[in-house]
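Residue numbers (our numbering), protein chains in the order written: chain A, 1 to 335; chain B, 336 to 881.
You can take every hint at face value.
Which chain A residues face chain B? A few, computed with CB under 7 Å, are given here: (1) 40; (2) 44; (3) 96; (4) 99; (5) 140; (6) 202; (7) 206; (8) 209; (9) 210; (10) 212; (11) 213; (12) 214; (13) 216; (14) 217.
Under the rule of at most 30 Å between Cα atoms (straight-line distance), these lysine-lysine pairs were calculated in the BS3-like manner: (15) B:552 to A:214; (16) B:690 to A:118; (17) A:84 to A:246; (18) A:18 to B:439; (19) A:214 to B:439.
It is worth saying that the hints were derived from the structure and are not from the lab.
This structure is a prediction, so every number in the text was calculated from the model and none was measured.
All residues carry an ideal CB built from backbone N, CA and C; glycine is no exception.
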Amino acid sequence: MTKRPFPFSAIVGQDDMKRAMILTAIDPGIGGVLVFGDRGTGKSTAVRALAALLPPITAIVGCPVNAEQHEDCPDWAENVTRKKQKCPTPVIDLPLGATEDRVVGALDIERALTRGEKAFEPGLLARANRGYLYIDEVNLLEDHIVDLLLDVAQSGENVVEREGLSIRHPARFVLVGSGNPEEGELRPQLLDRFGLSVEVRSPQDVAQRIEVIKRRDAFETDTSAFLEVYDKQDAKIRRAILAARKALPNIETPDAILADCAELCIALGSDGLRGELTLLRTARALAAYEKAKVLTRSHLSRIAPIALSHRLRRDPLDEAGSTTRVTRTVEAVLA
Amino acid sequence: MSAESWQNAALALRLLALDPQGLGGAVIKMRASPARDAVLAQFSSTERVRKLPTTISDEQLFGGLDLAATLAAGHVTTSSGFFDTSCIALIPMAERCDESLAAKLCHLTDAGQSDGIVALDEGIERNERVPDSLADRLAFHIAPEGRMPDNWATPASNSDGVSVSIAEAQIQLTVLAVRFGISSLRAPLLALNTARVHARLHGRSDLTSADVETAAKLVYPHRATQMPETDDDTAPPPPSESDDTPSPQNEGEVENLTDTDMLVDAVTALLPDGVLKGLAAAGTNRRSNGNGAGQKRTSNRRGRPLPSRPGRLDGTSRIDLIATLRAAAPWQPMRQAQQPERTGLLIRPSDIRLKRYAQHSDRLLIFSVDASGSAAVSRLGEAKGAIELLLADAYASRDHVALIAFRGTEAELLLPPTRSLVQTKRRLSAMPGGGGTPLAAGLQSAMELAEQSQGRGLSPTIVVLTDGRANIALDGAANRTQAAADAHTVARAIRVRGTKSLVIDMSNRPQRALEDLGRAMDGAYIALPRADAQRVTGAVTAALGG
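Next up, chain A with everything else stripped away, as it sits in the complex (with noise of 0.2 Å):
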């Protein structure tokens, strides 16, 4: 039995989680979003109520990659069809404690059985193909299998060789990943392939947490009538969000703020050019999620703490915490 999950618009506060699910589900390759927080801020509940939220993807029937057109199913692929049809956006759990098996794919055990076949059975990451890959506790997450979420995540294609199989798919999806940073740290490689980072609190204002115990309650008591008024809001976000993908390659991107965002990374002394990249594609999202045409110094203001903290050097005896370096950079760069 599973519960419909929360509906995301019904989610109090923790705004700088939200946007960020948003402006990843605007443009995909920002590059998935990291989550960490204490227990019990939402973090979970979240993630989990982005499936809902998102807009439905084309893919053929059949598919075991959700392709969009038929070209793009891979060779080994059976019984795929010609026709289309509208399925929700694969959001993928990664349980933790997940084999290698489930993960990559492996000999399809029934069929090899029965029949004496071998044959190719995708994992978990052929499932999440243009999708959303979600771990939770991904800091707790096994190395080999971080190793390979790394690995694919990059490439954006999937390779396996082993008990006599060879079989690529494609694999582009977005790394939703959440955990909590007292039980353990995530290894910094891991960390800058992640688009944007988040840190939520639970909230600290007691109004705001009433407000959160009574939706919460009444989701539990009565959930239908509860998702009638929020799956109103949650359309409002989805058509935005569909609006946004739209407006996305008209955004004018002056070459001042491309400027602007070096000399940014360039200050803050972020490894490598992802920063920039990410900074500057998180950047255009928003813009498009706000209706603007053109990209100003604000949306990248805004933008540069969740785009930039995870990706500075990292001082652990800096009390500051490195959102507070970021944002005290971006004032001194952008003043």
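Since the structure of chain A is already known, use the hints to place chain B on it.
This is chain B only, laid out in the frame that chain A set:
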């Protein structure tokens, strides 16, 4: 109080039996005993309970391919997951439950698939306990005190109280949670559910103040991280807490605040004794449980099972029979066609899968820091700097860190082994100085911690920072000669145990005695006055690597 705690335990279990799913479950902190059996008997008589061992595999927990049945039937047969049949999971020795199992259980609880979890916590040490992420989702924490009274199972007489609306109950419980410094929002939700179930237990459809009070009493005390300030208390809140949680008096818009005072008293009466003590030590009872899950070494002999890997049987590893059969199964028709004379399964070396186990074998740096008056005068600041340097190094190599400070007459474990360096830094900078130098006590508690952590699979290294002017003996007497002798005794004990060690001399002039101490411990010795950053790091690296 002890009788009441038993009654509360009985009540909590009765409520849990009514709505195990809505309440998540309970942590029962009791050692195995007839009393615990009695508590459990009380509970299991009402509901189906199944044991969930902490070593449960994913196939058993989530369900998966049932290989034996599949082979027999010729078509895929899946085994059902643990929670596919409705039952309450009883986790014996839940303090050994690791973070990844906790995460899976949390996932099942969040998805509404679990029907309640009862974790039997038999932990003795402070950091032996049910993972916080799991405990957070379970409503009750049952830890009855004292001898079990005869009539414990009979409920205390309970007045109904005045009627309370749901909205009022929500506000009261949330405000109350804030006042006790409970940051997780699951607590008020669980309390609200508890109140509802309690009302149902008494055959009421509406909530009353008695329900709300009971809920607060059962759900909040073990989660509290601070004492609420009462309204007539004009003293400013302690600064360490005030930045975490705004004092509720400032929240003018929240009504019903006075209503919660009665509840505050009810919860306060049940607060465990240790809580307030722990709070005084800057909230050490929370946020200090970094057990460093995640970094594990894979070994093939012991530990928790991991997914198996292809490999060769070389006498040191053990075969994973099921995985091997699984690897061999698809090839059987082909191999049989090749070797028709052979009967039975045809297994080739390439099919062999080996068992792997995860074993904690992380390194642990135990800093035993002299915070005595003489050290504070000389170079405590620089010593802190040196530690920070080492911390940065430890961070890079993902080591665990523990911090012990010794001053006055005894040593204190400021930070149990953790990988959160931010926390170590915070603890370190807040470390006060002053008092005598109980060097032997500092060494001893470092040694004990090293031994303990070795038992948990960590490989500890002791780093002692002192100015060497030991003047307090092990028994707390101010006696220089005895103190020095004791320190040497402990140092030799460390050497016997083979624990790697390092002595950093932070006195103004290098002490001969400390060099001797280092030798007695068979550890490296460096004098801070002549040591630059490079040398300290180098020495520690050598000590760690050697």
